[in-house]
Amino acid sequence: MARYVVKRLILAVVTIFIVCAITFFAMNAIPGGPFNAEKAPSPEVQKVLEKRYNLDKPVGTQFVLYMRNVFRGDFGVSLKTGRDIADILWTSFKISAKLGGMAAVVAIICGIVLGSIAALMRNKWPDRVIIFFSTLATATPSFVLATLLLLVFCIKLGWIPVWSAESNNYVLPVISLSVYPMAYITRLTKTSMLDALGQDYVRTAKAKGVSPKKVIFKHALRNALIPVLTYVGPMIAFIITGSLVVENIFTIGGLGSKFVSGITNRDYPIIMATTMFLAVLMIVFNLLTDIIYKVVDPRITFE
Amino acid sequence: MSVEENKMPKRSPFSAQIDLAKFELATEEEKRQQDVMSESTTFLKDGMRRLRKNPLAMGSIVVLVLILLLIIIAPRVVPYTYSGIITVDGVRDKSAKNLAPFTYSKLEQKYIDEGGEVFPHILGTDEMCRDYFMRVIYGTRVSLFVGLFASVLVLIIGVLYGSISGYAGGRVDMFMMRVVDIIYSLPDLLMVILLSVVLSQVITFQPGSLMAKLGSNMVSLFIVFGLLYWVGMARLVRGQILSIKENEYVLAAQSIGAKSGRIIKRHILPNCISVIIISTALQIPSAIFTESFLSFVGLGVQAPMPSLGSLANSARDGLQSYPYKLVFPAVMICLIVLAFNLLGDGLRDAFDPKLKD
Numbered sequence: 000m001a002r003y004v005v006k007r008l009i010l011a012v013v014t015i016f017i018v019c020a021i022t023f024f025a026m027n028a029i030p031g032g033p034f035n036a037e038k039a040p041s042p043e044v045q046k047v048l049e050k051r052y053n054l055d056k057p058v059g060t061q062f063v064l065y066m067r068n069v070f071r072g073d074f075g076v077s078l079k080t081g082r083d084i085a086d087i088l089w090t091s092f093k094i095s096a097k098l099g100g101m102a103a104v105v106a107i108i109c110g111i112v113l114g115s116i117a118a119l120m121r122n123k124w125p126d127r128v129i130i131f132f133s134t135l136a137t138a139t140p141s142f143v144l145a146t147l148l149l150l151v152f153c154i155k156l157g158w159i160p161v162w163s164a165e166s167n168n169y170v171l172p173v174i175s176l177s178v179y180p181m182a183y184i185t186r187l188t189k190t191s192m193l194d195a196l197g198q199d200y201v202r203t204a205k206a207k208g209v210s211p212k213k214v215i216f217k218h219a220l221r222n223a224l225i226p227v228l229t230y231v232g233p234m235i236a237f238i239i240t241g242s243l244v245v246e247n248i249f250t251i252g253g254l255g256s257k258f259v260s261g262i263t264n265r266d267y268p269i270i271m272a273t274t275m276f277l278a279v280l281m282i283v284f285n286l287l288t289d290i291i292y293k294v295v296d297p298r299i300t301f302e
Numbered sequence: 000m001s002v003e004e005n006k007m008p009k010r011s012p013f014s015a016q017i018d019l020a021k022f023e024l025a026t027e028e029e030k031r032q033q034d035v036m037s038e039s040t041t042f043l044k045d046g047m048r049r050l051r052k053n054p055l056a057m058g059s060i061v062v063l064v065l066i067l068l069l070i071i072i073a074p075r076v077v078p079y080t081y082s083g084i085i086t087v088d089g090v091r092d093k094s095a096k097n098l099a100p101f102t103y104s105k106l107e108q109k110y111i112d113e114g115g116e117v118f119p120h121i122l123g124t125d126e127m128c129r130d131y132f133m134r135v136i137y138g139t140r141v142s143l144f145v146g147l148f149a150s151v152l153v154l155i156i157g158v159l160y161g162s163i164s165g166y167a168g169g170r171v172d173m174f175m176m177r178v179v180d181i182i183y184s185l186p187d188l189l190m191v192i193l194l195s196v197v198l199s200q201v202i203t204f205q206p207g208s209l210m211a212k213l214g215s216n217m218v219s220l221f222i223v224f225g226l227l228y229w230v231g232m233a234r235l236v237r238g239q240i241l242s243i244k245e246n247e248y249v250l251a252a253q254s255i256g257a258k259s260g261r262i263i264k265r266h267i268l269p270n271c272i273s274v275i276i277i278s279t280a281l282q283i284p285s286a287i288f289t290e291s292f293l294s295f296v297g298l299g300v301q302a303p304m305p306s307l308g309s310l311a312n313s314a315r316d317g318l319q320s321y322p323y324k325l326v327f328p329a330v331m332i333c334l335i336v337l338a339f340n341l342l343g344d345g346l347r348d349a350f351d352p353k354l355k356d
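If you're matching them up, the sequences are chains W and S in order. Going by numbering that gives the first Met the number 0, 229 is the number at position 230 of the first sequence; the sequence numbering is gapless. Going by numbering that gives the first Met the number 0, 23 is the number at position 24 of the second sequence; the sequence numbering is gapless.
Hint data in this document are derived by calculation from the structure and do not stem from the laboratory. Even glycine gets a Cβ: it sits at the ideal position worked out from N, Cα and C. Careful: at least some of the hints might be erroneous.
To be verified - Below, in silico cross-link-like pairs of lysine-lysine (PhoX-like), each with a Cα-Cα straight-line distance of 25 angstroms or less:
1. Lys-96/S with Lys-155/W
2. Lys-79/W with Lys-56/W
3. Lys-123/W with Lys-212/W
4. Lys-93/W with Lys-79/W
5. Lys-123/W with Lys-52/S
6. Lys-244/S with Lys-258/S
Stated by the list, open to error - Computed footprint of chain W on chain S, listed as stretches where at least three residues anywhere in the stretch have a Cβ under 8 angstroms from a Cβ of chain W:
7. 192-198
8. 293-305
To be verified - Partial pick of chain W residues on the chain S-facing surface, computed with a CB cut under 10 angstroms:
9. Leu-10
10. Ser-91
11. Val-143
12. Thr-146
13. Leu-147
14. Ser-210
15. Ile-239
16. Thr-240
17. Gly-241
18. Asn-247
19. Ile-248
20. Phe-258
21. Ile-262
22. Leu-280
My request is simple: use the sequences and hints to build the entire structure.
See the structure below:
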């Protein structure tokens with residue numbers, strides 16, 4: 000167990016380092032420095048600025064300096080607005096975390112419930128309906144769904160106000176982010192639930208006269224949920240990348256829309272900081288999922 | 000059979016011979032019923048038989064073939080191009096902006112009234128007076144091309160890497176798999192976006208070449224796919240090879256001095272072909288998804304070349320007035336991805352029942 004955790008931790012640290020290195024050196028490979036704007040400062044001023052931002056040093060040293068600053072919580076400043084990036088990251092992260100967290104909870108709860116219903120009513124109409132819609136949902140990109148929801152409920156029907164400073168309605172963004180993972184979890188739960196229901200211990204429990212409710216919740220569902228647990232890591236990754244476009248569509252000022260507007264504005268420090276931040280977040284969640292998975296299921300060996 | 004043959008030989012009174020006259024001849028059909036052995040079949044035939052029984056998979060094939068026919072035939076029938084402004088009688092028609100499906104602009108109407116013929120705009124026109132149907136058709140072409148090409152790229156790199164790693168075993172395998180582990184745990188879409196941003200700035204092409212037409216964004220997308228997405232395939236192939244190479248026929252081949260490359264090519268890869276096919280079929284929709292996502296963020300194909308994602312993105316501007324412009328490319332993406340997903344599932348069930356998740 001300890002060996003496994005250490006191994007995964009080392010892998011995670013190496014991955015995080017590589018992500019940071021790729022981000023940094025990739026951004027450095029782009030031709031043109033940050034001071035090549037339309038109003039280029041005079042060479043003397045430029046020299047002072049370069050010294051101030053350590054741009055006169057070799058790239059390797061710059062990387063070390065940048066990483067040291069990042070560890071201190073200093074991501075530099077945005078090229079476009081001149082604001083402190085750590086500040087921007089923090090304020091927008093709070094919004095994104097709320098949105099993503101809600102989407103994750105909705106996806107997990109609804110997915111498990113629907114999947115269990117589908118498994119328990121196998122080949123009856125609820126099963127067919129659920130599987131039909133979850134198959135359809137896994138083929139719909141989240142940006143398509145988000146735009147359609149926006150069109151129907153905000154513009155045509157006017158039931159839900161468009162996102163603004165006054166009205167923060169999370170319903171539509173949460174739906175558009177959670178539908179895909181929900182469909183996936185539904186299918187996952189259905190297969191593993193069917194698998195669990197066919198096990199000997201379920202038959203034994205039924206034979207002993209345990210109530211059907213108890214059999215389902217205590218014996219079948221608990222075991223069926225283990226495969227679902229493995230999906231939590233990828234789900235977080237999906238929600239994070241999905242939020243890039245969904246936030247943009249609903250004009251929510253979260254991390255995702257900061258990232259996308261950073262891309263369109265070619266605001267490299269922002270792109271760098273958000274990539275690193277989100278990547279570390281995904282890697283950490285993957286690590287946690289893997290470890291929890293092994294802890295929860297004692298049948299899994301640690302090799 | 001003639002009666003002659005069934006004539007009884009002369010029977011001695013003590014013979015234990017059966018009196019054939021008391022028996023009836025079996026008809027051909029009855030004989031066939033006694034056949035316990037089924038017809039001998041090849042792996043491919045057997046799989047295809049199972050696939051043919053799967054209505055969802057067959058339906059998907061039909062849908063994909065229809066889409067394929069549509070994108071091949073439509074450009075030959077419809078007289079418009081994806082990038083050109085509509086012309087009426089050789090004159091650029093600037094009034095044909097944002098037409099609804101099957102309507103004509105003033106200029107075109109006048110021309111029709113004068114007896115001219117104008118091909119209808121099946122899906123209307125876009126804000127730059129281009130025929131929208133053709134744009135959707137070409138967008139589908141681009142998206143399908145990207146999906147197929149990226150999957151082939153993943154296939155080649157993944158199979159090569161996985162088979163070398165699995166066959167070599169030992170330290171080489173360990174090192175190669177650590178590399179895979181690291182790439183596998185990279186957040187792929189973020190890296191794709193990042194590298195697309197960078198590569199599109201760094202690479203330039205000679206104007207006029209196919210690469211330039213696709214745009215540096217697309218080329219960087221392929222590069223990124225080639226760099227990051229092959230790891231799943233490599234893992235799969237390696238796992239298969241690890242178990243296959245323990246078979247006696249591999250040992251036999253080794254003992255008569257066959258080279259490693261030959262053993263991999265002739266004895267091992269054909270045995271894991273089903274896994275490779277299935278995973279490629281499932282790779283295509285994910286590549287199309289990724290491409291449409293990038294196009295939507297603005298990192299996709301170079302304008303005026305459309306892709307389904309970029310069409311959906313540009314439809315957002317006039318969403319209130321022209322919602323159908325979003326619906327057509329969106330439905331197309333869903334249809335293609337759905338068809339490939341179902342086909343992939345069907346292939347998996349047909350060719351490798353063990354692989355079910």
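Subject >> List of violated hint numbers, smallest to largest >> reply: Hints 10, 14 are the ones this structure does not satisfy, whereas the remaining hints hold.
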